[in-house]
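Residue numbers (the working numbering), protein chains in the order written: chain V, 801 to 1327; chain S, 332 to 473.
No lab work stands behind these hints: they were computed from the structure.
Just so you know, even glycine gets a beta-carbon here, dropped at the ideal spot from N, CA and C.
Don't take every hint at face value.
As the list claims (entries may be wrong) - Derived CB-CB ranges, DEER-like:
no.	chain 1	residue 1	chain 2	residue 2	range
1	S	A401	V	S1106	31 to 41 angstroms
2	S	A401	V	P1162	34 to 44 angstroms
3	V	R1248	S	A399	13 to 23 angstroms
4	V	D1257	S	A399	27 to 37 angstroms
5	V	D904	S	A399	27 to 37 angstroms
6	V	T863	S	A399	46 to 56 angstroms
7	V	E918	S	A401	51 to 61 angstroms
8	S	A401	V	R1215	51 to 61 angstroms
9	S	Q402	V	Q901	17 to 27 angstroms
10	S	A399	V	R922	54 to 64 angstroms
11	S	A401	V	A1253	29 to 39 angstroms
12	V	P1162	S	S379	31 to 41 angstroms
13	S	A367	V	D1078	25 to 35 angstroms
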Amino acid sequence: MITDARLVQPAGTILDADVCIVGAGAAGITLAREFVDSKLRVVLLESGAMQLDSATQNLYAGTNIGHHYFDPATCRLRYFGGTTNHWGGWCMPLDAIDFQQRADFPYSGWPFDRSYLEPWYRRAQEVCQLGPFDYAPPHWGMNLNKIPQPFTGPHFRCEILQLSPPTRFGEAYRTILHAATQLSVYLNANVVRLVTNDTYREVREVAVSTLEGHRFSVRAKVFVIAAGGIENARLLLSSGAESRGLGNDRDLVGRFFTTHIQYHGGEILVSDESAKFDFDTGPDGVSYSGFGPAHRFVSGFGLAESAMRRFSLPSFKFRQTYAPTPLQEGVNAATRMLEAKDDWDGIKRDLETIVRDLHRQPTFEERPAFSRDGQPVGRVLLRCQSEQFPNPNSRVRLGTDRDALGMRNIVIDWRLTAADREKAAATLRLFGAEVGRVALGRVRSWFREDDVAWPSDMFGDQHHSGTTRMHQDPAQGVVDPNCAVHGVANLYVAGSSVFPTIGGGNPTLTITALALRLADRIKGAMA
Amino acid sequence: MNPCRSPSRRQLLELLLSSIAACSFCSTRRIDLAGADDLERTRRALISLFSNRCRVRAIAAAYVGTVARAQAAPAALTRAISGHLSISMTAVMNEAAIRKFIAERIQLDFLYHDIVCINGWVLSKTEARLCALAAADQNLDG
């Protein structure tokens, strides 16, 4: 059943349930979906309605005080389906190395390895409406022999990401949730506080309020907060002891705020006449029917695990974008002339000499432009996604402003370290050396050697992670390996906020897998 | 990132390279002890690889700015480019042998990350040194 929280009468009503889930995004809906045939009484509380509503969305308002970051009010969506209402659908599991503790990376490692999570990854494929749990490029029809080095090793490797339609979790699973007899979904139901016993060791109920001020509570045996990578921390910090928050005995809630670092890291000036980039699917992906029904995927590249270990580098993914040839840019002729003066009269002009005289290859100007999608391509740009190091000083916390419900707004203090930048720059240098080694061309890194700045278009994406990180030791994590909040008997967290390290892959598939695992855990415990 | 050098392995490869280069000699000239003449012959052979030495000056200037003055002197550059190959050997190489030798040195540079970043461009040090050597030549008419 899906209903409106404003219809819960009278004010002060206490709803009873076995399981109460807070938040109907990818994690919350995946969890709820697992209980549709269960005898357990489940309540799913969603702040928004079925459509975006500005008053509800404004409950996400907050402040950035660290590295420039998205407006907290717009980088997530607060209605049924959550941020899956605008996600791109790119899915891949984390790599095995992403789960491992690495001596050269403080705070790294998950309490289990990837193989342990694989059964749930396989099930998550279906939830995200993907193909089989198979991410080997050749199995998707990619002929590695047609991919120029160094994209096929030893330090970099071809990868694929499967494309979800993308699944709008709210739309896709609305009917099944509505039909479930033991499951109640309440829209417009904002959880403002987790109410505990006197010692803060057990959650008794959640306090719910609508924007109109209508209040009620949900009492349950087990509570799961699945409100998103930032909001999970906000809810914990807004509950429990006034000065400390809930599950925050070690001042870890909200810390380790991590996301993927996105930027154009450089460009390849291709000098190898035979190089073809036709293998690249482009960002829209291609359809493949080798597994039966057609599924879409996009190709990309990543740093090989062996290289990550050998050179002490974090995960790094990239794909190419293709800049048009100068000829194609007719409308920008004036700009082009200025660029040509800057570029071709200097280092690039000298590179031409090297290519022609030392390597006996046609110059970049002389070689016929290769084309993609029928358009001539001038140069290949590198669109990069770097893993951010876990950093306790990168955090979200409560501010002094309050939202319409009286909850303190969030303050995002996203911080990168010098190591984040240096490792990213080192990866670009490594790639540059590889491109030179195999005589594909030359790479220009857009990390300046004499500067500490990132490439100018760098930004942190919306893969909010780490704020309730998982660790078996309560001194190092907010939740235990089962996603149960340390020190609180019946409270779990679902979503990317539990990721101890973000790894390289896009997080939704892992969020979904962890939610499925948590559902199994709760069902098993309550059987 | 620390360069991933494995000196002993690289030395072995360079010795192998030296042997290959030595076998490539087409000249019947007797190999003599390295001296000023050999150094000059090698320098000339190296800079003659470029068809227009004016068109390497930007890289040269940037590279010279990253090294000590002594390392930017033509003799030092010539010796550095020759690497483990003795000057007396490079001095007697014909153009084809020199080209092969340089191409392999550049590949080794990239393999062992003996690289330099110039205005962001990732270049082998041999490439950069060659540019510096050529640009330092008094006669820049090509």
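- Task: Would you pick out the hints that fail for this structure and give their numbers low to high?
- Result: 8, 9, 12 and 13
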